[in-house]
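*Asks:* Here is how the chains run, residue by residue.
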Amino acid sequence: DQQVKQNSPSLSVQEGRISILNCDYTNSMFDYFLWYKKYPAEGPTFLISISSIKDKNEDGRFTVFLNKSAKHLSLHIVPSQPGDSAVYFCAATTGGFKTIFGAGTRLFVKA
Amino acid sequence: GAVVSQHPSWVICKSGTSVKIECRSLDFQATTMFWYRQFPKQSLMLMATSNEGSKATYEQGVEKDKFLINHASLTLSTLTVTSAHPEDSSFYICSARNTGMETQYFGPGTRLLVL
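Protein sequence lines, in the order shown, are assigned to chains A and B.
Residues 1 to 111 in the working numbering are what the first sequence lists, from first letter to last.
Residues 1001 to 1115 in the working numbering are what the second sequence lists, from first letter to last.
So here's chain A without its partners, still in its complex pose (with noise of 0.2 Å):
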């Protein structure tokens, strides 16, 4: 039973130019929602997180939305860079307890 579903496993974008991944969730007792960004053999690196009781948090380049009733959440980076080019996997938990995470989503982003 996945509750933390990556639809899309990979996507492309041109340098500059907006990258929108997205993350969709079954569990509605879901509290905080976390991005990770993770690179060939290395550990996943913590991006930018929301709590449920916001719609939209923003980190320089990164901008991460909420849509409770649709159960949806989308990472904006603008502008992508080459080196924005990582597996980015999406995450819910509930209360702190454990971490629920997405299949991932591999960015490519080209010059």
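A couple of the hints might just be wrong.
Claimed, not checked - Straight line, CA to CA, 16 Å or less: simulated EDC-like cross-link-like pairs of lysine to aspartate or glutamate:
hint : chain 1 : residue 1 : chain 2 : residue 2
1    : A       : Lys98     : B       : Glu1059
2    : B       : Lys1041   : A       : Glu42
3    : A       : Lys110    : A       : Glu15
These are computed hints drawn from the structure, not numbers from a lab.
Let chain A serve as the given structure and place chain B on it in line with the hints.
*Replies:* Below, chain B without anything else, positioned relative to chain A:
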């Protein structure tokens, strides 16, 4: 941000031997540590959750006698792969979190190759 280290970063061993992987939180106390496994081109698979001073909670399908986890202090957890076999070859990643933190911080991972 919080820093988590893992040692070794990679290890090659013979089939039948045991391998110990260390996970340390360097600048915060990790009341909870998690061990993940990642196969090529797949997502992170949670193996077990350990709280300092208590037994680890293993996910379904993960053999606790095969993957021994010890979380003896607030800054150190170890994963021992006992009697390793080639199918245990994988990328093992730990993460750590303190009480009240929703964010987990990950180590750099350990690549294990069993010959």
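*Asks:* Next, verify each hint and record whether it holds.
*Replies:* To see whether the hints hold, each was checked on the structure:
Our distance criterion of 16 Å between C-alpha atoms is met by lysine 98 of chain A and glutamate 1059 of chain B, whose separation comes to about 11 Å. The hinted pair formed by lysine 1041 of chain B and glutamate 42 of chain A meets the criterion: a straight-line CA distance of about 13 Å does not exceed 16 Å. A C-alpha spacing of about 5 Å is found between lysine 110 of chain A and glutamate 15 of chain A, which places the hinted pair at or below 16 Å, so the restraint holds.
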